[in-house]
Amino acid sequence: MSELVNVTIDGVEVQVPKGTLIVEAAKRAGTEIPVFCYHSKLDPVGMCRMCLVTVGTPVRNRETGEFEVDDNGKQVIRFFPKPMTACTTPVSPGMVVITQSEESIADRRGILEFLLTSHPLDCPVCDKGGECSLQDLTYAYGPGVSQFYLEDKHHSPKKEPLGDLIYLDSERCILCARCVRFEDEIAGDPVLAIDNRGRNSKIVSYSNPKFDSKYSGNTTDICPVGALTTRDFRFGARAWELESTPSVCNLCGVGCNTVLNTRFDEIKRVMPRQNEALNEIWLCDKGRFGHHFNGSQNRLTTPLIKKNGQFEAASWDEALALVARKLELSKEKTGGVAGAHLSNEDLYIFQKLFRTVLGSNNIDHRIGLNANWDDQLAFEVGAGVGTDIGRLKSESAILVLGADLDEEAPVLYLRVRGSARRGAHLINAGGRWTKLDNIAEKSLRYRYGAESALAWGLVAAVLDEGLENKDFVAARVDGFEGLIDAMKSFTPTRAAEQSGVSEDDIRAAARTFAKAENGVVLYGLESGGNESLQAAIKTLLLITGHAGSANNGAIAVLPHANSRGAADMGIVPNRLPGYRPVEGEAGLSAHEMLSPDAPLPALYIVAADPAAQSARYKAAIEATEFVVVQDLFMTETAQLADVVLPARGTAERDGSFTSVERWVQAFDNAVSAPALAWADWLAFTALAGKMGASWSYASADGVMAEITQTVPLYAEMNFDNLTRPISLERKMSHYIYSGTSFTADTREGLQWRSVAEASEAKMPVAFIAPADVPPAEGMTLVAPRVLYDGGTLIAQAEVVSAHIQPAHAVISRKDAAQLGITADDSVTLTVPGASVTVPVRLNGLVPQGIVLVPRNLSGFPAEKLLGSKRLTAVKITKVPVAELA
Amino acid sequence: MWSDVEQKELEEILKKYPTKRSALLPALYLAQREKNWLDDDDILAVAEALEVPVTDVQAVIGFYTLFRREPTGKHMIHVCTDLPCALRGAEDFYARLTRRLGLPSEGGTTADGLFTLEAVPCLAACDKAPMCQIDLQYYENLTDEMIDTVLAQFRAEAQQESGA
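Chain order of the listed sequences is A and B. Numbering-wise (my numbering), the first sequence opens with residue 1 and increments by one. Numbering-wise (my numbering), the second sequence opens with residue 886 and increments by one.
One chain only, chain A, in its complex shape (with noise of 0.2 Å):
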């Protein structure tokens, strides 16, 4: 704890540590003074002069060195003579600072005339309006009149395209700033300025495109007026006629928390729901837009029956009496693929049917590239409850393995690099360049494929240099002997032959990582997440002493909403719910059951879309006799289906999903479904009471109260716990109301402990040699992950259409130049068996050598070309102009 110092504010005197400002002291005192440019997520600049007090500092004899007292004993203060910023004044001892007196109240009045000088006040069509600082402050401490001409008024378009998501009225703007900053200091996108000067100044963006970054909704919600605004809201509804429905995120795997904002049973907006943990009051552009698929006019309305190739309408009881009867002749040979979209009581039940109903254990979540990767790390080292991976400094070590966080999980960027920049060791270690290398201390450039390699080298390099934290060997790891023994042959030196990271990299990374006092090791899909790499990860965690408590541990970033819970809940083929094995023999993956060879009499497909994926998928599905798929909309998949059950989004019930964290956070019911959707649970439900079961669960709040008693790691997880309301005391400290809705503040999630946590057991350690990868001659096709991809549902929200990336191919500009390829080409990339023609993009960060096609593109070009591997070599031509057209 820092040094605490006394201040009186208002009369009130409170402790506050060293080096509080002003602003946030008064807070603390229950003191708001006004602000427009400052904002406790961003550093602070002064600019916009609002928060002037009036701030007096006890007075020292010059002598004695001692305070001066007045008669009465009271120390003597001696005011500035002229008024402090708040925002950018930290309190000193002794300080006294009055902030409501009358040479404030003046300086606030002629500031907020001056700010309203050009103000277009055209509150009663603004959407701010009703949310609006000014408009607050103005109430507050505006004057009424203005001594300025309105014919001077500054007049400048209305309607000014920002960026594709984001509209500027610059007459509205105040320039206090907070865009720029935010885009600077916490995104990392420098992509806004202020332009020109004076009172032509103004907001600008001149990236191609324009306002090229993937939080740029954000800049909406910090924006202490009517500047920006989102191009979905825009006159969309006024602030005080929306409902607000807290809910949870369902396009990627951080689970930010949200509040869905209604009116009249539509989703107006997506706001961020504030939680310091997590989102902080944070969402990426994907999360933010990406809801519109809710109300798509594609959705699937009505179960359907396909009778004579053509699919007919059929009520549910119709349509579930046939699945049953086909799964009854099929049972143990029935095979399930969930989507790790669908919510923990979702899976649950579907796992309950498959292994309980039909006996059968052939069910999976993970089809297509995510097919090899069954993440065991969370379960048994997993970063402790509490991690707030956020706000780690210098005592902290964060290495970043195989991940594209901007790309793969939005605000967990945004999160590293806030902890990056309060000091912490961020250590990137990829196959290429990522954002994080902006920021990070240190960037390890392996050769892809040699990942566990470069993660048994930390290992050896922990070990050669004696780096273990012996307590906690001694305490809490088993076969520690083994392991040195084991590793004996391979050291530092080999594993950069192997890696293609120099060995003083490795020494150095390793170094950071042993010495700082937390380490946390967040791994994702590009680092392949084999047996190896885990079993060196876990090594590296335990021997360092990085397991088992807050800030030290592994996050797998998985790829779906659900992904975690999808583990948890056994949608795998050998695990039961709870990282427990099956009984008997484990049953078959998602690639053996989508198999054309041997295709299963019958198939239950939710939420996923494996036809689309490949041809292999696609002709497996053909094969089997009998396909039910339940989605939202009818897919690829879905066409080939002899029954469609129509399900529910997330808004349209309630459930929860468990973030990449090990948050298990609930969402509620925000909005009506269409016609006769059902929520996943139910339907399963509804098909088990056909087939003989008797099971009543009445909702989803029903089935996590199964799960608390079946599942020991969700013991706690019941639905009273996941929606208690914040407490009073914690939401006046804890809670800021700047840019989220005031309705924000509604619960907090939980996390489950780790093995590494609820335990002191001993747990083992074993060296599993990582493949050598010799370096690959020709090109080497890598998949990785895009934000803005082909997904089912990003694909049916138009207002980010512009920003779904097509299918293509990127290159190093020095292979391209090689090859005699320039942007405007187009190529062919062929492996044995299967070839694609996709246009290329040329790019200076791509290391020689690799050929880069996203994943879940429209056409699935990766999958096509990888199948089930992680890495292929690949010929690249290119293709004339002439031979396209």
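It is worth saying that the hints were derived from the structure and are not from the lab. Every value quoted in this text rests on a predicted model; they were computed, and no experiment measured them. C-beta: ideal position from N, C-alpha, C; glycine also. Incorrect hints may have been included.
Said to hold, decoys possible - List time: in silico DSS-like cross-link candidates among lysine-lysine, alpha-carbon distance up to 27 Å: (1) B:K893 to A:K442; (2) B:K905 to A:K202; (3) A:K210 to B:K905; (4) A:K814 to B:K920.
Claimed, not checked - Beyond 12 Å from chain B on every Cβ pair, some chain A residues (computed): (5) S146; (6) A321; (7) V477.
Since the structure of chain A is provided, determine the placement of chain B on it from the hints.
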């Protein structure tokens, strides 16, 4: 964008600063030297050379009046109309000059592309107003006749150049 000579000069400029970003102003002057204004390609070239976001480059150009984003005449005429100069008749002098050049009251570029006229704040020659700066040269204690003579000289030069 950069010519060979400019490229060399740019490298020399960069040597003087601890970080590339610091060289922004001199780099922009260099980029503007040839044609007296900056187009989008120039800005991109500066941004790339200095590894600075293009938006930041634009913001700096927007802040400083001596960087131009639109084509100008061959010669820049700056007339100071600040208060001390105005007291010595600079405002009227400027107004007459706009009319004689056939320009609107806010100045601009003449139809023949020879002159760009701008009213500017202080040029630090208050005691010699009305005055103006043409390119880098000061012309002081001006009368209409004097400025006509000066402009005529520029026109004659231009004609000679185009004739030759």
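A quick look at each hint next to the structure:
For a cut-off of 27 Å, the pair hint linking K893 of chain B to K442 of chain A is broken: about 33 Å separates their Cα positions. The suggested pairing of K905 of chain B with K202 of chain A holds, with an alpha-carbon distance near 26 Å, which does not exceed 27 Å. For the hint pairing K210 of chain A with K905 of chain B, the CA-to-CA distance comes to about 24 Å; that is within 27 Å, so the pair holds. The hinted pair formed by K814 of chain A and K920 of chain B fails the criterion: a straight-line CA distance of about 33 Å is larger than 27 Å.
With 12 Å as the threshold on Cβ separation, the claim that S146 of chain A sits away from chain B holds: the shortest Cβ distance comes to roughly 26 Å. Taking the minimum C-beta to C-beta distance to chain B, about 62 Å, the non-interface status of A321 of chain A holds against the 12 Å cut. Interface exclusion of V477 of chain A from chain B stands, the closest Cβ pair being 45 Å apart, more than 12 Å.
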